[in-house]
Amino acid sequence: DSGVTQTPKHLITATGQRVTLRCSPRSGDLSVYWYQQSLDQGLQFLIQYYNGEERAKGNILERFSAQQFPDLHSELNLSSLELGDSALYFCASSPRTSGNTGELFFGEGSRLTVL
Amino acid sequence: EDKVVQSPLSLVVHEGDTVTLNCSYEVTNFRSLLWYKQEKKAPTFLFMLTSSGIEKKSGRLSSILDKKELFSILNITATQTGDSAVYLCAVSPMNRDDKIIFGKGTRLHILP
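Chains as they are written, first to last, in the working numbering: chain A, 1 to 115; chain B, 1 to 112.
Careful: at least some of the hints might be erroneous.
[Unchecked claim] Below, a list of computed lysine-lysine pairs in the DSSO-like style, where the Cα atoms sit at most 30 Å apart:
{"#": "1", "chain 1": "B", "residue 1": "Lys67", "chain 2": "A", "residue 2": "Lys57"}
{"#": "2", "chain 1": "B", "residue 1": "Lys3", "chain 2": "A", "residue 2": "Lys57"}
{"#": "3", "chain 1": "A", "residue 1": "Lys57", "chain 2": "B", "residue 2": "Lys40"}
To be clear, the hints were calculated from the coordinates, so they are not data collected in a lab.
Okay, chain A solo, but in the shape it has when bound:
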């Protein structure tokens, strides 16, 4: 158990809908990362927050947004869902920014299926 909690574990929804994925980092970790993993693309970096502020952005679609709250939990919002958004979404946390440790602690992921 990494200490990172993600909910929901599984989610099935329809095209055009909106979903919110939630992540609670390890106690004391300030950095939260979101990744998307699909079969053919591997782990794709979406976005990173550090202590409530956005620090890095990857290839995150405009339909997707995220935020980190004062209690350090984070939410990833996916809207106008398309079939291609079906994937496993991982949240990871680290004590500081990646430059200090490089080690990320991953949650178990939220599997999103868009029908």
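Position chain B relative to chain A; hints supplied.
Relative to the frame of chain A, chain B by itself:
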């Protein structure tokens, strides 16, 4: 654009064999290279390498980095069925932003 390329994409060997997994990278302002193991769900951290030529070792796993040739290898000796997993290589650039870029992984299957 920063990228990480792993090879082979998949590998099947028999228990007891030794395997070498490869990772090459292109990154602006390299900071570190990371190896992760992904079994069923969450990737778990194996090694972080920052300096060339210094081997990191943990039991039957070892890894080394060549910053001149921009690659790293992960060796697993005396493989066991429990080593079956996807092994992910990632790089952390020394930029203002802190993204960690992952390769697509090598899927390793150990036959009993």
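Hint by hint, here is what the structure shows:
1. Distance hint between Lys67 of chain B and Lys57 of chain A is fulfilled; the C-alpha atoms sit about 26 Å from each other, no more than 30 Å.
2. Distance check on the hinted pair: Lys3 of chain B and Lys57 of chain A sit about 15 Å apart at the alpha-carbon level, within 30 Å; holds.
3. A threshold of 30 Å between alpha carbons decides the hint, and for Lys57 of chain A with Lys40 of chain B the separation of about 27 Å falls inside it, so the pair holds.
The structure meets every hint from the earlier list without exception.
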